[in-house]
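Visitor: Here is what each chain is made of, one letter per residue.
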Amino acid sequence: MRRGPTPFESYYLPVGSGASYTSANFPIETLLSNSSYNGEPGNIWTYLLLDIPRGAAGGNIHVQLSSDVKINYEVYARFGGLPSLISWDYYYANKTRRSDTSMFFMLYDSSDGKINFYIMYAREGTWGFGLRHLNTSKGPTVMSLSLERCPKHCSSHGDCKFSFDASGLTSYRFILNPLLVTFTFRPFPFL
Amino acid sequence: MMTGNFCNSPVYLFSCTTSDVNNALNATENNTMLENMMTCKSNLKTFCAYEGVPNIFSLDIINVAEEFTVMASDVKFSDTTSNKTTGANDVGLMCFVRHGAMPSVTVYDYSSDLNKAPLVIHSPLIGRWYITIVPINLVNTQDSNVTACYSVESRMLQCSLGKAGPNCTMDIYTLQVVFFARFILPIIEGKYTDINY
Numbered sequence: 002m003r004r005g006p007t008p009f010e011s012y013y014l015p016v017g018s019g020a021s022y023t024s025a026n027f028p029i030e031t032l033l034s035n036s037s038y039n040g041e042p043g044n045i046w047t048y049l050l051l052d053i054p055r056g057a058a059g060g061n062i063h064v065q066l067s068s069d070v071k072i073n074y075e076v077y078a079r080f081g082g083l084p085s086l087i088s089w090d091y092y093y094a095n096k097t098r099r100s101d102t103s104m105f106f107m108l109y110d111s112s113d114g115k116i117n118f119y120i121m122y123a124r125e126g127t128w129g130f131g132l133r134h135l136n137t138s139k140g141p142t143v144m145s146l147s148l149e150r151c152p153k154h155c156s157s158h159g160d161c162k163f164s165f166d167a168s169g170l171t172s173y174r175f176i177l178n179p180l181l182v183t184f185t186f187r188p189f190p191f192l
Numbered sequence: 274m275m276t277g278n279f280c281n282s283p284v285y286l287f288s289c290t291t292s293d294v295n296n297a298l299n300a301t302e303n304n305t306m307l308e309n310m311m312t313c314k315s316n317l318k319t320f321c322a323y324e325g326v327p328n329i330f331s332l333d334i335i336n337v338a339e340e341f342t343v344m345a346s347d348v349k350f351s352d353t354t355s356n357k358t359t360g361a362n363d364v365g366l367m368c369f370v371r372h373g374a375m376p377s378v379t380v381y382d383y384s385s386d387l388n389k390a391p392l393v394i395h396s397p398l399i400g401r402w403y404i405t406i407v408p409i410n411l412v413n414t415q416d417s418n419v420t421a422c423y424s425v426e427s428r429m430l431q432c433s434l435g436k437a438g439p440n441c442t443m444d445i446y447t448l449q450v451v452f453f454a455r456f457i458l459p460i461i462e463g464k465y466t467d468i469n470y
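Protein chains in written order, with our numbering: chain A, 2 to 192; chain B, 274 to 470.
With the rest of the complex left out, here is chain A (with noise of 0.2 Å):
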């Protein structure tokens, strides 16, 4: 049987920013202006702040930065304010200048061409990230950040199930009104 998407997991894009989107990735050097170029490569950094709603604790933020050349950014993460080179919760520079891997910090095949972790159980409130511009990126790179119940869909052991969420469900409906609507509907798909 074919299995769809999780429908519990939601992707966060910088929506202000001008661009539209039709996938989950974003493009990072739309996100550039002018004027940050001044800074030395290095000192060069772009922000995002996404927010966990309350009751969504529990569930894994997921980064993924891809290029078809080498990654010219590092990815600096600290829940409650901005990250810096001196304060950060966790961080990936490259395979082996980043945070020690824990039940708090999982990596996965990330190579020169992408990075790929996941923050797990992820405290609610606000988390920063910050991208530190190493020099000019030779190509382009897409980020994608998304707050999932099973990191790498549970690795293909097993599926995985929902029974928090169907007891949690109000404290979703604020985010995920969309698909309680669908979900009534469910039983009666004939109507």
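Calculated directly from the structure, the hints in this document are not laboratory data. Careful, some of the hints might be misleading.
To be verified - Incomplete in silico selection of chain B near chain A, CB under 8 Å: (1) ALA390; (2) LEU398; (3) GLY400; (4) ALA437; (5) TYR446.
Beta carbons are placed, not taken as given, at the ideal position from N, Cα and C, and that holds for glycine.
Fit chain B to the known structure of chain A by using the hints.
Guide: Relative to chain A, chain B alone:
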């Protein structure tokens, strides 16, 4: 708000307003458009305390801020018996700051002597901050009735919308949750068994 063993120690809540002083500051730095300075203080102007006795303050940071400074001014000795007031350069005003919980002399996030220099915190975390200020070195005056009196305020530097980082030259975006049609499609397609309750 009260605290302490006997619930008799007040916690003075700072409230913030846009600072006029700052406009002059910004004009000289030629970045008036980029930075906003908030001045945060209690309704009371002067606080007095005996050696080692803390006054407690708190402040809510609601949005991302670049810098948060705590500063003391008008530091004076005050002798309660003779009602004399003198300047106090040698007195120490130890300031302990902690995010989300009450600081102590041993447990804190930041500390410094406010009578020497303001306490500056870069990229402070969002949430409630607690500040305690403890006078020290008053005993040099050989008079146990002496208190240290001071004014305290904090300043918060925030960038204008869409800007962040030192000097507010970097870009910041607030991400919004977006759902794509494909998340709903399995249901529309009739694959109802996909949804696990």
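Visitor: Against this structure, judge whether each hint is valid.
Guide: Do the hints match the structure? See the list:
1. Taking 8 Å as the C-beta contact cut-off toward chain A, the hint placing B:ALA390 at the interface is violated, the least distance being around 20 Å.
2. Annotation: B:LEU398 was flagged as interfacial toward chain A, and the flag holds, the nearest CB pair being 4 Å apart, inside 8 Å.
3. Taking 8 Å as the C-beta contact cut-off toward chain A, the hint placing B:GLY400 at the interface holds, the least distance being around 6 Å.
4. Look at B:ALA437: its Cβ gets to within about 5 Å of chain A, closer than 8 Å, so that hint holds up.
5. The beta carbon of B:TYR446 comes within 4 Å of a beta carbon in chain A, closer than 8 Å, and the hint placing it at the interface holds.
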